[in-house]
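Using the hints provided, position chains L and Z relative to the given structure of chain R.
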Amino acid sequence: MLKYLLKRILGGIFVILGISVFIFLLIRVVPGDPVRMALGPNAPDYAVKAMREQMHLDAPLAMQYVYWISGVARGDFGQSLTTKRPVAQDVVEFLPATLEVALLAGVIFVVGSIVIGLAAARYRDTWFDGFIRACSYVGISIPSFVLAILLLLWFGYYWKILPVSGRISGNFQVPAVTGFMVLDCLLGGSLKAAGDAFLHLIIPAVSLAVGCLFQEARLLRSSIIDNMHNEFYSVELGYGLPKAFIVRKYLFKPSFIPVISVMGLDFASLMGNAFLVETVFGWPGISRYGMNAMLNKDLNAVSAVIILYGFVFVIVNIVVDIIAAYLDPRSRMSSR
Amino acid sequence: MKAYWFKFTRNKLSLLGLAIVLASLFFAVFAPVVVPFPAHIREFVDYSQASRAPSAAHWFGTDIFGRDVFSRVIYSFRGALKMSAIVLAIAVPVGVFLGLLAGYYSGTWVDTVIMRVTDIFVSLPSMVMALAIAAVLEPTLTNAMIALTVTWWPWYTRPVYNLANAVKKEYFVKSAELIGASKAHILLREILPSCLSTIMTKMALDVGWVILNGAMLSFVGLGEQPPIPAFGQMISDGAKYMPNQWWLTTFPALGIAFVILGFNLLGDGIRDMFDRGR
Amino acid sequence: MDEKLLEIKGLKVWYKTYRGDARVVNGVDFFVRKGEKVGLVGESGCGKTTTMKSVIRTLDEKAAEIPEGEVLFRGKDVLKMKKPELQKIRRHDIAMISQSPMSALNPVFTVGEQIMDIIRFQGDIPKSKAYETALQAVKSVMIADPERILRSFPNQLSGGMCQRICIAMALVTPRELLIADEPGTALDVTVQDQIHSLLRKLVSDRKMSLIMITHSLGVTRELVDRIYVMYAGNVVEESPTAELFRRPLHPYTQGLMKCVPRLSGGGVSAGIYGYIPDYINASPGCRFCPRCSRATEACRTRRPPLVSVGENHRVACFLYERDAGKEELK
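Those protein sequence lines, which keep their order, are chains R, L and Z.
Each step along the first sequence adds one to the number in numbering that gives the first Met the number 0, with nothing skipped, and position 72 is 71.
Each step along the second sequence adds one to the number in numbering that gives the first Met the number 0, with nothing skipped, and position 246 is 245.
Each step along the third sequence adds one to the number in numbering that gives the first Met the number 0, with nothing skipped, and position 224 is 223.
Take the hints with a grain of salt, since some may be wrong.
[Unchecked claim] Below, simulated DSS-like cross-link-like pairs (lysine-lysine); rule was C-alpha separation at most 30 Å, straight line:
hint	chain 1	residue 1	chain 2	residue 2
1	R	252	Z	61
2	Z	87	R	248
3	L	1	Z	61
4	Z	87	R	252
5	L	6	Z	61
6	Z	138	R	252
7	R	248	Z	138
8	Z	82	R	252
9	Z	15	L	1
10	L	6	Z	15
11	Z	15	Z	52
12	L	81	R	296
13	Z	126	R	242
Bear in mind the hints are in silico, worked out from the structure with no lab data behind them.
None of the values given here were measured: they were computed from a predicted structure.
With the rest of the complex left out, here is chain R (with noise of 0.2 Å):
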């Protein structure tokens, strides 16, 4: 198990640095001279000639690459174009952000299309089941941007029961600890501004989840009518199991294996399609700040949200291998 680990591992790391080398190519091969963006179009040559010097522009490519991958294992990504501050420190504030949404996206869309899917698998062929198929072409035939809007539109102005934009009501004042705004209200002690702050969270975490959802849920119903053609289920219900044990226990297991592959793809891009929402939002959020980046040409930036975007890729990944391997005893003993 642990060889198995070390081996994705290594697998990962090789796949992040050679997202880092295009991205890096990808880079030098914007048109414009990048100090003169950085310093304007106005600033004295002496300037320009140290700026040069300083970002090693006349050395040969391969040693800016490891001047700039040296820096970036440091943590050390430049300066941003845009907000004039160290990307590391952009990214500190602008993650956490992100990363709350997409995890209670995540939440949902895991809980939901479990609960969805094996009742899909239970009542197969019933209204229920047509509903639920109705329900999956339309959530991926809307984008969560149009999904976001409507949402808005709904519960933000016609109902006014869900706040609008922003990650927590004006008159909080919150003590930015972790970043987790609903962390940080719990932290600093106050229920009223936590539940204000997860009111906040519903609509973007639930327009980027409900797509992935309802796949995920069909995925999964499929895959356990699939099993159900396996002669080990018609032996367990023939000594006497009741169908709804036979379906939760020994029906779920094999079946949840290529779901949590999709899950973990899901999630993944899921962070990636983030801005659309953050942008409907107004969310303070690593993929907007992404995106401003990259219309911005603000490169420094862009290479830190690529890498970092390549990182929980890998992650996720081998979070979901390691999940399946456990589910699946099969894959684990293949090296015997």
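Leaving out everything else, chains L and Z in the frame of chain R:
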């Protein structure tokens, strides 16, 4: 062939998908001719008609410049379908070819190089990659297409690789090798047909995904530039005027949901068609 | 001893396909007495497993339909039973051992867990007692190191081991009837032999009734008292074992007899010419007709009923209708 069609038509939803897709293709191809106000696609301003709710004259209402929303929505199909056609036309052959090569020569350096590169691309959410590329270049429709193409091909390489790897051990491939068939023949005429059903299913579903991703890009301004309309762009512009001028966002949203739904139903139908059921 | 434990009357099972209904079981009569051992012989696909699965109703309800027939267990029709009563039968009275032992066990759970769950649903049995019982059951099928086996997953065990586990599962609680579906078919001959001896011993020790499904007549000779020969969804011959081997009457049975490899010379048989029949567009006549070397015109148009030709010996063939007199049973 007939058996496939029979299986496909048994499913009402697949037929619905096909109908939607055909309608979308019609809109895309004939938009400039069919649309009621073709001039509104380009630079056009008529403040006397601005910001009107849907009416008999303007089925989807007008925007703040007085442009007919219906015409613009129909025209958006054009860009969306053009984008997915071009993206897939390039990404699929490239991805499939690399997958065939890597699968057939698996275990050699060809396999290692191709699959490692593929792994890297697959590791990033495609949106992030596409954004990075589209942003680094100038924001135009062409560049958005380039960005999506570059991020798309790896998703074909991996499944084809797995299939090719499995199929090459089959006897019909081995016998082709023994009689000295050229590598091109083996790859294209022996192995590829086994992969076709997977590829075609994925392509049908992918059209929807490319359109979705294209909309996400145009939502943030990367893609078709104004005044030419695109779904995401119209939604983004219209969002500012919510909830009052609801028609500015609702109809493009319906339009995009329509076309994505159609391709998804079609894709599911194709998958069921190829599925050797029970 | 004469009491019929299980009696199947006129059972028909149709599988729904998009091309039509496949009439896989086409009117089968069958019975087993208390303490009796009966064999059900026929080639793959002839409906043996389907018939038996309908006894405990583990057929996929969406795929299979039972338009006619009765399955009487202790006199009560299983097909009409409500869930609680059916569950009682599944848990306490009848056990069925599946055809391929490796797929009969759930691959992601340990063997021990699966056995213990079966025990648990007998009644309110605490986990420790369930473990003890499972251990006992595994020991009774001659498995060494039962603790380790209980902790193992099915893919870690050999085919023979899995088969023993399946038998253990069936016998872990005392039951009246054991249905064994081709036990040992998936295994090599020596292991198969061990399994058969094991079954014979266990069944006689516990005084159970046994229904043995197999495609090989040779196997039945060792194990059962009475044999039913099935072809294409119908019983074509039924007889006590010794009598059947002395006087196989139906052309199909005779063909099967020739297929049994004999040590006394004769080599391997030529097999039975022809293909398995189409269950969807079945002919109205005798289903063996296309392959029968002695078919007559009547065989094509009418299905021969079972007629008595001796003590407990019945055949469904027009060739013997005259001999039997006009006694048409059914």
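Hint check results:
1. R:252 <-> Z:61: Roughly 24 Å between the alpha carbons, so the hint for residue 252 of chain R and residue 61 of chain Z holds.
2. Z:87 <-> R:248: Holds. Residue 87 of chain Z to residue 248 of chain R sits at ~21 Å (cutoff 30 Å).
3. L:1 <-> Z:61: holds, 27 Å
4. Z:87 <-> R:252: With Cα atoms ~27 Å apart, residue 87 of chain Z and residue 252 of chain R stay inside 30 Å; holds.
5. L:6 <-> Z:61: Given that 30 Å is the threshold and the Cα spacing comes to 19 Å, the pair holds.
6. Z:138 <-> R:252: At roughly 29 Å apart (the allowed maximum being 30 Å), residue 252 of chain R and residue 138 of chain Z satisfy the hint.
7. R:248 <-> Z:138: Roughly 27 Å between the alpha carbons, so the hint for residue 248 of chain R and residue 138 of chain Z holds.
8. Z:82 <-> R:252: holds, 26 Å
9. Z:15 <-> L:1: Holds, because 22 Å separates the two Cα atoms, which is no more than 30 Å.
10. L:6 <-> Z:15: holds, 16 Å
11. Z:15 <-> Z:52: holds, 16 Å
12. L:81 <-> R:296: holds, 28 Å
13. Z:126 <-> R:242: Status holds; Cα separation ~21 Å.
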